[in-house]
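Asker: Top line first, the protein sequences correspond to chains B and A.
Residue 157 is where the first sequence ends in this note's numbering, and the numbering goes up by one at each step.
Residue 776 is where the second sequence ends in this note's numbering, and the numbering goes up by one at each step.
Derived from the structure by calculation, the hints contain no laboratory data.
In this text, all values refer to a predicted model and were calculated from it rather than measured experimentally.
Don't take every hint at face value.
Each computed EDC-like pair below joins lysine to aspartate or glutamate, with the alpha-carbon atoms no more than 20 Å apart [unchecked claim]:
no., chain 1, residue 1, chain 2, residue 2
1, A, Lys124, B, Asp41
2, A, Lys17, B, Asp80
3, A, Lys75, A, Asp54
4, A, Lys124, B, Asp16
5, B, Lys83, A, Asp517
6, A, Lys17, B, Asp81
7, A, Lys17, B, Glu93
8, A, Lys12, B, Asp16
9, A, Lys9, A, Glu719
10, A, Lys9, B, Glu93
11, A, Lys25, B, Glu29
12, A, Lys768, A, Glu718
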Amino acid sequence: MTRVSLEVNGKKTSIDIPDNTLLSTFLREHLNLKGTHIGCDTSQCGACVVIVNGKTVKSCTMLALQAAGSRVETVESLCDDGKLHPMQRAFHEYHALQCGFCTPGMLMTAVALAKKGKEIDELSVRTELEGNLCRCTGYQNIVAAILAGAKKMRTQT
Amino acid sequence: MKALGSIGKSIKRSEDKRFLTGQGKYVDDINLPNQVYAAFLRSPYAHAIINRIDTSGALGSPGVSLVVTGTDWLKENYGPLPCTSRINTFVGGEKMKVPPRHCLAIDRVRFVGEIVAMVVAETKPSALHAVELIEVDYEELEVVTDPEEALKPGAPQIWDDIPNNLCLDFELGDRIKTAAAFDSAHYIISRKIKNNRVAGVPIEPRGAIANYDDDTKRLTLFNSSQNIHENRDAYAIDVLKIEKEKLHHVAPDIGGGFGVKNGTYPEPPLILHAAKKLCRPVKWVADRSESFLSDTQGRGQVSTVSLALTKEGKFLGLRVETVGNLGAYCGTIGPFTPTAGTARTQGGPYGFASIYYYAKVVFTNTAIMAPYRGAGRPEAAFQLERIIEETARELDFDPIELRKKNLIQAKTLPLRTAMGLDIDSGNFVEVFDQALSLTDRTGFSARASAATRRGKLYGFAIAPYLECTGGGSKEFAGITVRDDNKIELSVGSHSTGTGHETSFAQLLSGYLGIGVDSIVFFQGDTDRTPFGGGHGGSRGMEVGGSAVYEAASTFIKKGRLLAAYILGVENSRLQFSNGVFFVSGTDKSVTSEDLIAQSAGSEVINGEFGYGYLNVSATFEREIMSIPNGCHACEVEVDPETGGINIVNYWAVDDFGTIVNGMLTDGQVMGAVAQGIGQALMEESVYADSGQLMTGSLIDYALPRAFDVPNIRIQYYEEAPTKKNPLGVKGAGEAGCVAAPHVVFNAIADALRNFNIESLDMPLTSEKIWRTIHRR
Ligand code: FES
Ligand code: FES
């Protein structure tokens, strides 16, 4: 057991955990943040993507201890006081989710991508989604939603 | 009953918010107090005798409370998981061979991943650790993974009492008439066509939690199931041998199904057993590797397909002989897919006077085969459209003209096909033309020469498809008026991401003229819906939506009596339209919303009409399946240097009858086409000769990613609603999987027209394409 201290969704936490606890397990089981999903055991699906210090990370590939001292953002952080984040709204508008299982990872990847502030187009979004699998949507609406959501995010800041 | 404006609109989904904010509730998000964890020891061999199992190490391991082996299981007198395939008799009249599929291997294992023992422990890591401590003495046996090999004399026998590994054979159509058609034909073209075994891979792995209430002696199972009622019956009645009421089956949010979560599996009864034994909740969620080993897989057929035609290219007859790879056991309805599942739509939308389909269903040392999105119709469409494409190329017919000239003409409808399908509506020629004009044929040569200038090979294909939908034929819908003036709608079918919460509420709102917001939707709970047909066969809207229609009709019928009472008029004078009961020419009227509000708390009304008067339930049972159809086309670019394939354009025109919510329908088409593209280009469950699964993780099993799939341009043909259900809908969920593989394959074949593609089978990986081009 080791004490891990970090900031998750703006809140500081300090918990004793077994050393081999994955960040994904830490978020789901220790902090009860169930929005981070587990879809595979080989770092392929991206359902578990969170943002650590501004960068997207597959939380199933990182130990919680490695995130000590970091700022972690999960899908639960996006909605502000009941108001959906522009990227969440875009996913809703464009029907970019069906079963919703890949959605948290998609959203976090999309938000981090949009925050980079680079010009994006269909092709670059498709390439950036390399690490995120969706079996339901065929990606078309996800790509459209990310383009629209990123645009909204730009105009709002 | 006429619907209001909301039907047909692309209403946004009401379930989205919880998924977008991380508040969805999937099985793995549920934890029950005091729960323990199950883990499974799975066979590392594809075929072996179990001489001895030593569980003492596991039992002594910290935190372990239970270890169960096959011998323990049999002592409990539990039954095997049933096979309920409707097709169950050999052509010769003999009964299908169904070997017992127990939840644990008894004395022999027959595929890699079969469960040999279960361990239950305080934590998941301690359960997994204890699994490692079980010692099994296996005696390896010879293995067969290829279904054609399995049929040969001298092949390893998977079941001692099932000769030649043959579970069943099957025929449909007129053999003699077809033979005569072939005798009279000017041309006969034959090919061997393979349909690759694929994995469904919903991104949420399977999982379940079992709980036992010692007071009520009732079991509860939270399970990632897309078919809770039938699964419950199998688990309760067939396996555990308890009354079905003693098992409460709940499916929370399901992270995709595609057929994989439709049939029964051994893990749920095993953890139900453990929950009862330990009087504690037992949880199990599969790792992805476990899913690859133990989820059912789909497709997996090898067929000899022959087309007979006249000199002018008129189709005379079609003959298909298939061998279907069943895996080591009969899955819940496994034998159905390669038999009737693939036979029904043979011949597609073309006019064939005679067709003969014959199938053998064969055991192999591989995971169990079961329906995967489309289940038989994709195989049939692929067999047909590949042989037509090959015919056109070999005999130098224009592939477009050859297809068009053989399409069934709308004026001949309704008709019954040579396979016995009743087509009541549709216009295959118009759908074909609509798709053709969508593809911008005039721009083709410019696009092709631009590609050629870049050193690429360019190809085009277009093909119609025809399928049949409606899955389980019967469905339930119930309406309950609540005290807060909202109404609850519960339907027995279950969404696996398909948007039922929105579309069913949309229907009810349209029929009753009440706001979508005042409808609360329930699904996935055997205590709330007396029965349901699950999710499969694109039945959600067709059968489930029709049940909602029936419930709404009953509501209006009863509502009319109540309205008459409230308004003090003869009920025969009342009319109902746009959500209002009224007497024409007067100001006497009451809305459905008023009725709901007044009935909810009114003593007088309760006194007069009885409590819960407006609570209604209804069932819908379809008689015959509806026949969705359409025409898809695509253009591909092949890079001869790498063998890489780029799908440049993909067009879809689909006839799903009435479209209730176009946004959701588009989503179904996009998702299913992506899966079809996956099957055509990259997906395959590969077994080594030893029976080891070579594609046991997402590293080895390729799923389409965002850059593998193009934007799809979709149109609907809405002129031909079916009369087989009150909504006029034809199922939309699987069509993309039926239509895409052959279109993609044929476009690549077109791009490779100067090369010998005879030995090419799906998936058309870049390696295979490169080898074809470079003759290596
Ligand atoms: S769970 Fe699949 S990448 Fe993390
Ligand atoms: S919405 Fe189901 S996996 Fe993406």
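Asker: Next, verify each hint and record whether it holds.
Answerer: Hints versus structure:
no. : hint                : verdict
1   : A:Lys124 - B:Asp41  : holds, 15 Å
2   : A:Lys17 - B:Asp80   : holds, 13 Å
3   : A:Lys75 - A:Asp54   : holds, 17 Å
4   : A:Lys124 - B:Asp16  : holds, 18 Å
5   : B:Lys83 - A:Asp517  : holds, 18 Å
6   : A:Lys17 - B:Asp81   : holds, 13 Å
7   : A:Lys17 - B:Glu93   : holds, 11 Å
8   : A:Lys12 - B:Asp16   : violated, 43 Å
9   : A:Lys9 - A:Glu719   : holds, 17 Å
10  : A:Lys9 - B:Glu93    : holds, 14 Å
11  : A:Lys25 - B:Glu29   : holds, 14 Å
12  : A:Lys768 - A:Glu718 : violated, 40 Å
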